[in-house]
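Student: Here are the chains, one letter per residue:
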Amino acid sequence: MTASPFRFWTRLTLTRLTGRRAADLAELTEHLRTVPASVIFHHTHHFLVQHQHLSPEPPNDLAFWVTNVLQEDQLGEQLAAIDTVQFASLEDLRDRVVGVIDGYLETRRELRTAPPGEEFHFMDAISFVLPTAHQARTLAEFAQQIRQVTHGAISYHLFEARLRVGSDDNDFSRWLERDLGEREVAAGVRKLDPYTYTMEGLRQRLLRLIETRLGTSGSRP
Amino acid sequence: MTAGLDAYAPFVGRATIEEIRLLGDRLRGRRVQHVNSTAVGGGVAEILNRLVPLLLELGINTRWDVIRGGDEFYAVTKSIHNALHGRPVTLSEHDIAVYRETTEQNLRNLALSDDIVFIHDPQPAGLVAARAPGSRWIWRCHIDLSAPVASVWEFLRPTVERYDAAVFSAPQFSRTLPIDQVLIAPSIDPLADKNRELDARTVESIVTRLGLDPSRPLVTQVSRFDRLKDPLGVIEAFRLVKKYNDCQLLLVGGSATDDPEGQAVLTECRDRAADDRDIHVVELPPTANVEINALQRASTVVLQKSLREGFGLTVAEALWKAKPVIAGAVGGIPLQITHKYSGVLTHTIEGTAYWIKQLLNAPDFARRLGENGREHVRHNFLLTRHLRDYLLLFLYLGHLGESVITLD
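For the record, the sequence lines run as chains R and E.
Everything in the first sequence is counted per my numbering, starting at 1 for the first residue and increasing by one.
Everything in the second sequence is counted per my numbering, starting at 1001 for the first residue and increasing by one.
Worth flagging that the hints you see were computed from the coordinates, not collected in a lab.
Predicted model, so just to flag it, every value in this text is computed and none were measured.
We put the CB at the ideal spot given by N, CA and C, even for glycine.
Among the hints, erroneous ones may be present.
To be verified - Facing chain E, a subset of chain R residues (Cβ under 8 Å, in silico):
id: 1; residue: LEU14
id: 2; residue: GLY19
id: 3; residue: HIS31
id: 4; residue: THR34
id: 5; residue: SER38
id: 6; residue: SER127
id: 7; residue: VAL129
id: 8; residue: THR132
Said to hold, decoys possible - To spell it out: a stretch of chain E is covered by chain R in this simulated footprint if at least three of its residues, at any positions, have a beta carbon under 8 Å from a beta carbon of chain R; those stretches are:
id: 9; region: 1014-1023
id: 10; region: 1166-1178
id: 11; region: 1386-1394
Unchecked claim - Covered stretches of chain R, going by a simulated chain E footprint (3 or more residues, C-beta under 8 Å):
id: 12; region: 116-125
id: 13; region: 144-150
Working from the sequences, and respecting the hints, build out all of it.
Tutor: Here is the structure:
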């Protein structure tokens, strides 16, 4: 079987300001219900690429704001614990976030208000997706490219293609299984919860999975 | 001579430079014109001096023009600037006439026919009257617009609305506008004298020359002598710390000779420092970039206790030197510091004193904050990210309103 090469793409984002802001949880949910899905994506994903050394916490802007500005620790923890990786679409993720806040609000009588200047600002991610010069035909080449590509490329193939494009698998696992027949490595990548790593940690984890396989198969160059 | 793009690879990685070149390839040959109000001095000119050569290197036909205006015009635009920052200023009919007349003169003298025209700040904003069909216009606002004087903003708003997009440095600076608004933070240049690596001997010699003791902890604030930077609050916080910790305080800023208010604040700082030999109030010329670099590197803790702030790039400068930074949670500072992860955000003098003591007494924690801060700056506040965002914005102008743009 001749494998078709894996072509690495990258995703770069420009942040669009929506002008929407929230000072308390009621305003937060009101906007969360109506903002474009790309806004949900931005606030649940930009931390992963922008804050390289902060993971595993805080995982998303909403949890961070609720915990650190509103000081609603319990809700912040619940929002941080949302298992983003299990959601196949941004609409499902939006429903879950709103549901968690609504559930919490049912138990609260008074809303805390953010101090002036510390409101939550809704932002949108404008994504630019473009092919890079990096390609791989074999598992060893794949490892080599994983070492070199940017965080934007890793993030694109692991998060964006799955969640924003509505695919049920990540690009790496699909190629590894379908084109290389590397079922175990593909399953290992699929099993990662990428939201609990820094991007650099994720790169190292991917490399370990591949190198373990290369070591056992004896095909390491 | 400005360093080429490849010179940044050691800081951000080869792949990041490749990505910038991929974007540049898609804009090759496009004509981009920047217009601002000064060729030297100020943050805008500083950044354009660095970015324009890099845009040219990428094959983007970039030029940079400066508007001309008399003293009266610049007095009016200074008033506009202050009003947009929230100071209670009103514009008279005469002021408005001066602004419009100078705009007209510049419209007669400037050719504004490029594919993309990038206007910086309010002074040249009115040039949009000359926009040619098919061209795209960007208004880049470097000012904190979170609480402008309403009448002055209403004067400017119809002009801003004629642009295709407005660019702000922090989310809270944006306004309700019918045009696209994007967030592009400013940046620091790791190769500039203010930020480049310095050897220990250079640092020590500068520290010693300024009368500081290199063997004792040093708490530093680098900023203009401006009440909004709260230098007197810094002195008060330091006094609270000194009861428990042996340390020195350095307040260092640019020369204030042309700024009467700055001169007054400087005098107040010196009076408040009085005969405390551990409080150093130092005035340096605006060209003292290597000295500022050395003083930041020599510091144990860096403060930016601002009460109001545009972006506060001195925070990024200190974080880039892996320093633990304690700063006011205002303006663009919360974008640079995530509290207790990449620095400390405070709201009061007592809180600032508390955290100075914490960081002096917990050097491992302080070091971790500094290291996180440096990585945060590496990914978000270096010149290459700024360049990349401008390229993305130029590309976006061909896809207005879209959220996912595929560039095959």
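Student: Let me make sure I understand: some of the numbered hints might not hold for this structure. Which ones are they, in numerical order?
Tutor: Going through the list in order, the structure violates hints 3 and 4 and respects the others.
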